[in-house]
Amino acid sequence: DSGVTQTPKHLITATGQRVTLRCSPRSGDLSVYWYQQSLDQGLQFLIQYYNGEERAKGNILERFSAQQFPDLHSELNLSSLELGDSALYFCASSVATSGNTIYFGEGSWLTVV
Amino acid sequence: TQLLEQSPQFLSIQEGENLTVYCNSSSVFSSLQWYRQEPGEGPVLLVTVVTGGEVKKLKRLTFQFGDARKDSSLHITAAQPGDTGLYLCAGGGYSTLTFGKGTMLLVSP
Chain B
192 DSGVTQTPKH
202 LITATGQRVT
212 LRCSPRSGDL
222 SVYWYQQSLD
232 QGLQFLIQYY
242 NGEERAKGNI
252 LERFSAQQFP
262 DLHSELNLSS
272 LELGDSALYF
282 CASSVATSGN
292 TIYFGEGSWL
302 TVV
Chain W
196 TQLLEQSPQF
206 LSIQEGENLT
216 VYCNSSSVFS
226 SLQWYRQEPG
236 EGPVLLVTVV
246 TGGEVKKLKR
256 LTFQFGDARK
266 DSSLHITAAQ
276 PGDTGLYLCA
286 GGGYSTLTFG
296 KGTMLLVSP
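For the protein sequence lines, the chains are B and W, in the order given. Residue numbering for the first sequence follows the working numbering, beginning at 192 and increasing consecutively. Residue numbering for the second sequence follows the working numbering, beginning at 196 and increasing consecutively.
Treat the hints loosely; a few may be bogus.
[Unchecked claim] List time: in silico DMTMM-like cross-link candidates among lysine to aspartate or glutamate, alpha-carbon distance up to 25 Å:
(1) Lys-248/B x Glu-200/W
(2) Lys-248/B x Asp-262/B
(3) Lys-251/W x Asp-278/W
(4) Lys-200/B x Asp-231/B
(5) Lys-296/W x Asp-231/B
(6) Lys-200/B x Glu-297/B
(7) Lys-252/W x Asp-192/B
(8) Lys-296/W x Glu-273/B
(9) Lys-254/W x Asp-192/B
(10) Lys-296/W x Asp-192/B
(11) Lys-200/B x Glu-236/W
(12) Lys-200/B x Glu-253/B
(13) Lys-296/W x Glu-200/W
(14) Lys-265/W x Glu-297/B
(15) Lys-200/B x Glu-233/W
(16) Lys-296/W x Asp-262/B
Everything labelled a hint here was simulated from the structure, so no lab data went into it.
Okay, chain B solo, but in the shape it has when bound (with noise of 0.2 Å):
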């Protein structure tokens, strides 16, 4: 068990619809990671924040959109949702932003059918 807990654990939905992922990081971490992992493209960073504020960007999509809450959980929203969206989806957390260990949860399972 890393610490860092992500719900839900499995989502089904529809073509064009929206979903939030939210994670609780470990406690005492100030930073929040999502990735997405999928077959073809393998595991992708999409966005960092750090103590609420957006550290650094990955390959996210427009339609993807995170935030960092006053108690430092993150939510991690998908609108317009297309069949290529089907993935998994990582939350990760840190002390800081650089030289410490990243933990990962355990992942939010998305099927866009």
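Use these hints to put chain W onto chain B, whose structure you have.
Same frame as chain B, now just chain W:
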């Protein structure tokens, strides 16, 4: 964009065998990490290598960082079924961590 190529993509061996998996790039990385991901779980950090030529050992796992810091290898001695999983290498800073697509290792009893 820095790319990491991992080989082989899939490896199926018997318990007790030795194996080596590779992580190669045309780019130089300041550090390189190896993770293991088991089914239904997120990746778990195994080791970070920083210095060119560095060798680190974790029980039966030996990690090596290339002299030019562009490649790395993971050698497992006497593999066990518990070693089964997806082995990922990753390079760069945490904000821009680039992952390879991984080597899926299956160790049969």
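> Within 25 Å, alpha carbon to alpha carbon, are Lys-200/B and Glu-253/B?
Replying inline: Satisfied, since the Cα-Cα distance of roughly 24 Å is no more than 25 Å.
> If you draw a straight line from the CA of Lys-200/B to the CA of Glu-236/W, is it 25 Å or shorter?
Replying inline: Roughly 11 Å between the alpha carbons, so the hint for Lys-200/B and Glu-236/W holds.
> Are Lys-248/B and Asp-262/B close enough, with their CA atoms no more than 25 Å apart?
Replying inline: holds (21 Å)
>> Check the hint pairing Lys-248/B with Glu-200/W against an upper bound of 25 Å on the C-alpha distance.
In response: holds (23 Å)
>> So if I understand the rule, the pair passes when the alpha-carbon distance is 25 Å or less; does Lys-254/W with Asp-192/B pass?
In response: holds (21 Å)
> Is the straight-line distance between the alpha-carbon of Lys-200/B and that of Glu-297/B 25 Å or less?
Replying inline: holds (8 Å)
>> For a C-alpha distance cap of 25 Å, please report whether Lys-296/W and Asp-262/B respect it.
In response: violated (33 Å)
>> Between the alpha carbons of Lys-296/W and Asp-192/B, is the straight-line distance 25 Å or under?
In response: holds (23 Å)
> Given the hinted pair Lys-200/B and Glu-233/W, is their alpha-carbon gap at most 25 Å?
Replying inline: OK: Lys-200/B and Glu-233/W at ~16 Å, within 25 Å.
> Is it true that the CA of Lys-296/W sits at most 25 Å from the CA of Glu-200/W?
Replying inline: holds (7 Å)
> Lys-251/W and Asp-278/W: Cα distance at most 25 Å?
Replying inline: At roughly 17 Å apart (the allowed maximum being 25 Å), Asp-278/W and Lys-251/W satisfy the hint.
> Do the alpha carbons of Lys-296/W and Asp-231/B lie within 25 Å of each other, as the hint requires?
Replying inline: Distance ~8 Å between Lys-296/W and Asp-231/B Cα, so the pair holds.
Checked against the numbered hints above, the structure violates hints 14 and 16; every other hint is satisfied.
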